[in-house]
Amino acid sequence: MPINEKGGAFNPLIVAFCCNWRSYAGADLAGSSRLNYPVNVKVIRVPCSCRVNPLFILRAFQRGADGVIMCGCHPGDCHYTSGNYFARRRTALLFSMLDFLGIEKGRTRVEWVSAAEGAKFANTMNQFAETISALGECKRLEDIRCVESEI
Amino acid sequence: MRRIRDMMRSRAGELLREGTVNRVLGWKNGEFYYDPNPAVFETEESLDGLVYNGFSAAMLSKYLIDATKKEGRILVFLKPCDTYSFNHLLREHKVNRENTYVIGVGCDGMLDIEKLRTLGVKGIKSLDENGDDLVAHTLYGDKTLARRDILLEKCLSCKGSEHKVYDELAVVDDPWQWDTLDRFAKVGELEGMTPDERFAFWRGELSRCIRCNACRNACPVCSCLKCVFDNPRSGVQAKSNADSFEENMFHIIRAFHVAGRCTDCGECSRVCPQNIPLHLLNRKFIKDINAFYGEYQAGADVEGKSPLTEYKTGDVEPSVVYERGGA
Numbered sequence: 001m002p003i004n005e006k007g008g009a010f011n012p013l014i015v016a017f018c019c020n021w022r023s024y025a026g027a028d029l030a031g032s033s034r035l036n037y038p039v040n041v042k043v044i045r046v047p048c049s050c051r052v053n054p055l056f057i058l059r060a061f062q063r064g065a066d067g068v069i070m071c072g073c074h075p076g077d078c079h080y081t082s083g084n085y086f087a088r089r090r091t092a093l094l095f096s097m098l099d100f101l102g103i104e105k106g107r108t109r110v111e112w113v114s115a116a117e118g119a120k121f122a123n124t125m126n127q128f129a130e131t132i133s134a135l136g137e138c139k140r141l142e143d144i145r146c147v148e149s150e151i
Numbered sequence: 152m153r154r155i156r157d158m159m160r161s162r163a164g165e166l167l168r169e170g171t172v173n174r175v176l177g178w179k180n181g182e183f184y185y186d187p188n189p190a191v192f193e194t195e196e197s198l199d200g201l202v203y204n205g206f207s208a209a210m211l212s213k214y215l216i217d218a219t220k221k222e223g224r225i226l227v228f229l230k231p232c233d234t235y236s237f238n239h240l241l242r243e244h245k246v247n248r249e250n251t252y253v254i255g256v257g258c259d260g261m262l263d264i265e266k267l268r269t270l271g272v273k274g275i276k277s278l279d280e281n282g283d284d285l286v287a288h289t290l291y292g293d294k295t296l297a298r299r300d301i302l303l304e305k306c307l308s309c310k311g312s313e314h315k316v317y318d319e320l321a322v323v324d325d326p327w328q329w330d331t332l333d334r335f336a337k338v339g340e341l342e343g344m345t346p347d348e349r350f351a352f353w354r355g356e357l358s359r360c361i362r363c364n365a366c367r368n369a370c371p372v373c374s375c376l377k378c379v380f381d382n383p384r385s386g387v388q389a390k391s392n393a394d395s396f397e398e399n400m401f402h403i404i405r406a407f408h409v410a411g412r413c414t415d416c417g418e419c420s421r422v423c424p425q426n427i428p429l430h431l432l433n434r435k436f437i438k439d440i441n442a443f444y445g446e447y448q449a450g451a452d453v454e455g456k457s458p459l460t461e462y463k464t465g466d467v468e469p470s471v472v473y474e475r476g477g478a
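The listed protein sequences derive, respectively, from chains A and B. Residues in the first sequence are numbered consecutively from 1, following my numbering. Residues in the second sequence are numbered consecutively from 152, following my numbering.
The following block holds chain A by itself, in its conformation from the complex (with noise of 0.2 Å):
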């Protein structure tokens, strides 16, 4: 198991930016259904996919995450008809960005997940948590003047 700095057993923190549509009631979905997936992921409700801001997830990296998820609408089924879409062309780019600036690929992710999948949204959350955990911690993109300290 990966250590951390500090010696303690390594807790990926996890953000995991939820359409309020579909994603978001997927994960209600998991939690009524008693399906786990992990607690570091910290989910993020937004009204669309469309609404994260791509500054969002590079400032989730810069205040110390170790992994940035986005869960939204299937294609074609957007509450707002076509948010999923534009988010889907800006995430395919910055995560391309990401890579060349030598960001681990597996630190991000898309995945659309619709409300009747619960099952579909806590394997994606263990899965990813998985891959995050044997990443380890993400210092690439950390800014110590953003991070808050753990008191």
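The hints are simulated quantities; they were obtained by calculation from the structure and are not laboratory data. Incorrect hints may have been included.
Said to hold, decoys possible - Label-pair ranges, simulated between beta-carbon atoms:
{"hint": "1", "chain 1": "B", "residue 1": "Gly355", "chain 2": "A", "residue 2": "Asn11", "range": "53 to 63 Å"}
{"hint": "2", "chain 1": "B", "residue 1": "Asn368", "chain 2": "A", "residue 2": "Asn11", "range": "19 to 29 Å"}
{"hint": "3", "chain 1": "B", "residue 1": "Asp283", "chain 2": "A", "residue 2": "Ala134", "range": "53 to 63 Å"}
{"hint": "4", "chain 1": "B", "residue 1": "Asn368", "chain 2": "A", "residue 2": "Ser33", "range": "25 to 35 Å"}
{"hint": "5", "chain 1": "B", "residue 1": "Ala451", "chain 2": "A", "residue 2": "Asn123", "range": "38 to 48 Å"}
{"hint": "6", "chain 1": "A", "residue 1": "Pro38", "chain 2": "B", "residue 2": "Asn368", "range": "36 to 46 Å"}
{"hint": "7", "chain 1": "B", "residue 1": "Val471", "chain 2": "A", "residue 2": "Arg51", "range": "19 to 29 Å"}
Ideal Cβ positions, reconstructed from N, Cα and C, are used throughout, including at glycine.
Please arrange chain B on chain A, whose structure you already have, making use of the hints.
Positioned in the frame of chain A, the structure of chain B alone reads:
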């Protein structure tokens, strides 16, 4: 270049006299021969100070954002690559076309003073330019040079000698042509590295950043009235004393903000006092956009949509990043 300069001076004089324009945006001599500055000329007499030589690389398109808000018409000289940025500013309604009179000027490729210094050329007083053949008159005597050896990075992958927009042209019939290189060569080389190597490369480059904001200020598409980086609450105003890689976010975000809009003019790298190859970030986006969403050259056209403001239902999934292999 001297022939073109004389054409520019006489034509600008005529237009000022006629009253077609009331100001002229061009270049005037700076402190040294190799740093002509953008300048506005308002009288015919002052046009004697108008210069155009191998160091007139500064793009004038961006100056039009403020200049065209003023009363009257302004004459502007645009090199072929500058017209792409001008077109892009028109598309975003940042520049008022009615208030501009564009003279497209021919260009033999602009020179990199750093490369001249590397070749040991110092104290330049003036330069005789004739296509590829240059004679530099310096404090220490004359020196013969080949233009192809000292071209700016951005000119090595020149977009061609065609002006995309103009009211009239000031070009010579027999311009000097040079062989251009593949602009994505360096991007491809970096893509072939491992993530650790890439990170080391970018850390080495970006840690030199002094956050002077020159890249932002010179960039023709980075022209928001209120910039996200001017936010005093971002928590990154002060310099960090423990991390030399602190300005990485600035460059990633800036590159993303101009993604799909970047005309690949190369001004960011040219003005960088630390010589950071910032254009590589933009070219990475351009390369991806071309590969994912079809060939696109920002500024080639005033109409149409840019790649990030439209979509197709059959677009590639973001997972393409993981599937395309490499470490």
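Hints versus structure:
no. : hint                             : verdict
1   : B:Gly355 to A:Asn11: 53 to 63 Å  : 31 Å, violated
2   : B:Asn368 to A:Asn11: 19 to 29 Å  : 42 Å, violated
3   : B:Asp283 to A:Ala134: 53 to 63 Å : 56 Å, holds
4   : B:Asn368 to A:Ser33: 25 to 35 Å  : 54 Å, violated
5   : B:Ala451 to A:Asn123: 38 to 48 Å : 45 Å, holds
6   : A:Pro38 to B:Asn368: 36 to 46 Å  : 45 Å, holds
7   : B:Val471 to A:Arg51: 19 to 29 Å  : 23 Å, holds
Consistency with the previously given hints fails for numbers 1, 2, 4, ordered from lowest to highest.
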